[in-house]
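Using the hints, position chain B against chain A.
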Amino acid sequence: MEGMNNKLLNVNLSNEKISVNPLDNEILEGFLGGRGLGIKLFSDNIAKGINPLSEKNLLIFSVGPLTGSTAPTSGRFSLVTKSPLTNTIFHSNSGGYWGPYFKRCGYDCLIISGKFKIENKSYILLDGIDNVEIKDANDLWGLNTLETIEKIAKNEGNSCQILTIGPAGENLVKFASIMNQGHRAFGRGGVGAVMGSKNLKAIVVKSGNKRFPVKDKDHMKKLNVVAIDKIKVVPTTSQGLALLGTAALVKVINFFGMFPTKNFQSAFTGTEKIDSISGERLREKYLVKSEGCYNCIIKCGRMTSIGKMSGKGPEYESLWALGPSLGIYDLKEIVQANYLCNEYGLDTISTGSTIACAMELQQNKIIDNPDMKFGNKKILPEIIEKIALRKGIGNELAEGSLRLSEKYKSLDLAMQVKGLEIPAYDPRGAFGHALNYAVSSRGACHLTGFLVALEILGIPKLIDRFSISGKSDLLMLKQNQSAVEDSLVICKFVGYALGFEFQARFLSTILDRKINITDLITIGERIYTLERLFNLREGFTKEDDALPPRFLKNPLTEGPSKGRLVPLEQMLKNYYKVRQWDENGVPSDELLERLSIKSLV
Amino acid sequence: MIEPETFKQFKITGKILTDHRYNTSHSGNISMRSGGKILIKRRGAMLGYLEPEDIIETDLYTTDSGIMLSSTETEVHRQIYLNTDAMAVIHAHNPFCVILSLIEDEITCLDAEGIYMYRKIPIIEVENPAGPTDAAREVPKVLKDYPIVVVRAHGVFAKGNTLFDALQNVTGAEQSAMIRYYTMAPGKRLKRDYSTEKYFSEW
Numbered sequence: 001m002e003g004m005n006n007k008l009l010n011v012n013l014s015n016e017k018i019s020v021n022p023l024d025n026e027i028l029e030g031f032l033g034g035r036g037l038g039i040k041l042f043s044d045n046i047a048k049g050i051n052p053l054s055e056k057n058l059l060i061f062s063v064g065p066l067t068g069s070t071a072p073t074s075g076r077f078s079l080v081t082k083s084p085l086t087n088t089i090f091h092s093n094s095g096g097y098w099g100p101y102f103k104r105c106g107y108d109c110l111i112i113s114g115k116f117k118i119e120n121k122s123y124i125l126l127d128g129i130d131n132v133e134i135k136d137a138n139d140l141w142g143l144n145t146l147e148t149i150e151k152i153a154k155n156e157g158n159s160c161q162i163l164t165i166g167p168a169g170e171n172l173v174k175f176a177s178i179m180n181q182g183h184r185a186f187g188r189g190g191v192g193a194v195m196g197s198k199n200l201k202a203i204v205v206k207s208g209n210k211r212f213p214v215k216d217k218d219h220m221k222k223l224n225v226v227a228i229d230k231i232k233v234v235p236t237t238s239q240g241l242a243l244l245g246t247a248a249l250v251k252v253i254n255f256f257g258m259f260p261t262k263n264f265q266s267a268f269t270g271t272e273k274i275d276s277i278s279g280e281r282l283r284e285k286y287l288v289k290s291e292g293c294y295n296c297i298i299k300c301g302r303m304t305s306i307g308k309m310s311g312k313g314p315e316y317e318s319l320w321a322l323g324p325s326l327g328i329y330d331l332k333e334i335v336q337a338n339y340l341c342n343e344y345g346l347d348t349i350s351t352g353s354t355i356a357c358a359m360e361l362q363q364n365k366i367i368d369n370p371d372m373k374f375g376n377k378k379i380l381p382e383i384i385e386k387i388a389l390r391k392g393i394g395n396e397l398a399e400g401s402l403r404l405s406e407k408y409k410s411l412d413l414a415m416q417v418k419g420l421e422i423p424a425y426d427p428r429g430a431f432g433h434a435l436n437y438a439v440s441s442r443g444a445c446h447l448t449g450f451l452v453a454l455e456i457l458g459i460p461k462l463i464d465r466f467s468i469s470g471k472s473d474l475l476m477l478k479q480n481q482s483a484v485e486d487s488l489v490i491c492k493f494v495g496y497a498l499g500f501e502f503q504a505r506f507l508s509t510i511l512d513r514k515i516n517i518t519d520l521i522t523i524g525e526r527i528y529t530l531e532r533l534f535n536l537r538e539g540f541t542k543e544d545d546a547l548p549p550r551f552l553k554n555p556l557t558e559g560p561s562k563g564r565l566v567p568l569e570q571m572l573k574n575y576y577k578v579r580q581w582d583e584n585g586v587p588s589d590e591l592l593e594r595l596s597i598k599s600l601v
Numbered sequence: 602m603i604e605p606e607t608f609k610q611f612k613i614t615g616k617i618l619t620d621h622r623y624n625t626s627h628s629g630n631i632s633m634r635s636g637g638k639i640l641i642k643r644r645g646a647m648l649g650y651l652e653p654e655d656i657i658e659t660d661l662y663t664t665d666s667g668i669m670l671s672s673t674e675t676e677v678h679r680q681i682y683l684n685t686d687a688m689a690v691i692h693a694h695n696p697f698c699v700i701l702s703l704i705e706d707e708i709t710c711l712d713a714e715g716i717y718m719y720r721k722i723p724i725i726e727v728e729n730p731a732g733p734t735d736a737a738r739e740v741p742k743v744l745k746d747y748p749i750v751v752v753r754a755h756g757v758f759a760k761g762n763t764l765f766d767a768l769q770n771v772t773g774a775e776q777s778a779m780i781r782y783y784t785m786a787p788g789k790r791l792k793r794d795y796s797t798e799k800y801f802s803e804w
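Residue numbers (the working numbering), protein chains in the order written: chain A, 1 to 601; chain B, 602 to 804.
Just chain A, same shape as in the assembly (with noise of 0.2 Å):
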């Protein structure tokens, strides 16, 4: 395929060996890069029922046609593996620099599988083309993320990019990240566990000299002329992520009754606290500077210091996980926490989450730890470094949510689906967000069909957020879209500003052949689809196609979302219509045919 390299580069711990095989072109036809691409790969090369922590398990870093390329915010890969916290397949995402300098090596895909001996920790060593070396990584062991990538780059030299875990993926911590340049993530999930079960603290790339020459230059170059003015013109873009970064939505979401309190016990926050940590604040009283990844011209990252403190972030997630979920209002505690768990290597939705269930279980006296209480911002450090180092209560914790819950018989006080823990945005207030929720093939994600865009940001049009009306047919389209999305790979925010017809169009002069918007959905089903069979074959049915009881019976009593409870049993029955799955959410056998894949059940 054209914009690729055609080739994946295998990497098996347990015995070192390296090896570099030809990509099938209809794989990648099929599944163009990145998630597709992983997905396809895991699926075909993982056993049923392994553990994820087993060295049979693997890590499938890809990326995509528009990796590197001039197209904007083309600086994003993929990452494909079986999650420790959901046990379903796990995609994951990521910008900064990693991806091109990857693809600039000439691979497409690294599939790392195996396990390097306990006494043999490592890391891997990409040295531009046709160099890689696996180094001894005894010494980083036990180290953060931050002074991981310090040693590193004093041994390798500034210019590498590192993939890294910290002291919670070292711990198998069940939620722990992959960090990115040690500000990045891999998150949600437990990827970082995943490494850490393998014993590979890092991933180093030196950027080789590969190049994608476009043959119609001339056409790439006036698409970007249209695709950057309309980024400019689009606010989202060009003022509110710009400016404000992620945490733009703080006050937006809670306008519309939508931001969660307390574990999802409230989802409305009054003037003056909401205030005291909006993206407003967050700029006016830590931000250094913008950062943006790989050809983009959004920069949505915020780079932020207190004292002597600096990091990323927090980003909007972060900012709530770590703040109001927890009942905490006090901004300067949150940048700090988030910076915490980026050096410990910890998801900061996952982290905050647990944190909150535990807080509720404390609040209904079913556990008795006096200080799990919420609103105790003094407890933060403290119990994030148990969570990262699984001390104390921390062990427990460093199970997520669900397993918390379940250990105390109280499953209905954990937020999540499948495992993972619910972001930012209380599903009683915008329903289709809520179907994209219960469906998600890697339990409660925000980014797999993001429908907060129609329902509350108003793009590309507004749609009632109270109506089921059409819902389960346009979170098909969402997620079939966000599925290619993630595989070209290009970030989402892009499409704030840009129809999807851009994203067929980079593509089309990428390839040097017409490649159009039906296309690329059919892919995106395809991919979306086969993760679906894959989870199946694991053991799911429909009903973990659910949300925790709170959003069916119990209604919020304040806010602009008051009342609201969420009618998930005639969205699922429709959605399942619609995805043409039988009425146990199984792809039929039409669907399979019609593109091209089989079932694995």
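It should be emphasised that the hints constitute simulated quantities derived from the structure, not laboratory data.
Bear in mind the structure is a predicted one, so any value in this text is a computation, not a measurement.
Here are the simulated EDC-like cross-link-like pairs (lysine to aspartate or glutamate), alpha carbons at most 20 Å apart as the crow flies:
#, chain 1, residue 1, chain 2, residue 2
1, A, K461, B, E652
2, A, K273, B, E658
3, A, K232, B, E728
4, B, K638, A, D275
A short list of chain B residues far from chain A (calculated; beta carbon distances all over 10 Å):
#, residue
5, P605
6, F608
7, R634
8, L683
9, L703
10, D706
11, M718
12, K792
13, R793
All C-beta atoms, glycine included, are put in the ideal place defined by N, C-alpha and C.
Same frame as chain A, now just chain B:
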């Protein structure tokens, strides 16, 4: 949430602009200045069918998180408020004003009401007519001296003391533009051209 009386003004104004086909189903935006804030239509909402949730509050002086929800042209509205006496602003895509902007450099009013209200309606040209950046810079300069301005190939920005005042400027300018267009269409000489009298051209 917006006060009911204020919302009523937004709803009526939005409905009239839509019913008179000054906008497409989702285009156009209207706002008013209120206590150091701007109340403005939400992006993606339909002007003709506004609900209270569709009116967004954003800061008058700086870009805040309201920008995530407010109209694409919010910055133009903000600069008009900061640089003119406007208390309300309407942006619409008046068809006859847009047509004349493509063939003339200003719209000279021929009808009595137009002459009384505007005498002439200025037209400006910007590099990117669909984008708010150039318009935010150029439109306020003209609205310092005129109640309404046409951005070539795009539409009008009108100011007023109230939303209804700005609405009259939008509808009045369109009426004058339509009369001028139809008057010119047959290519015949005018019996009396008031626009050549009383220092009209110097207005």
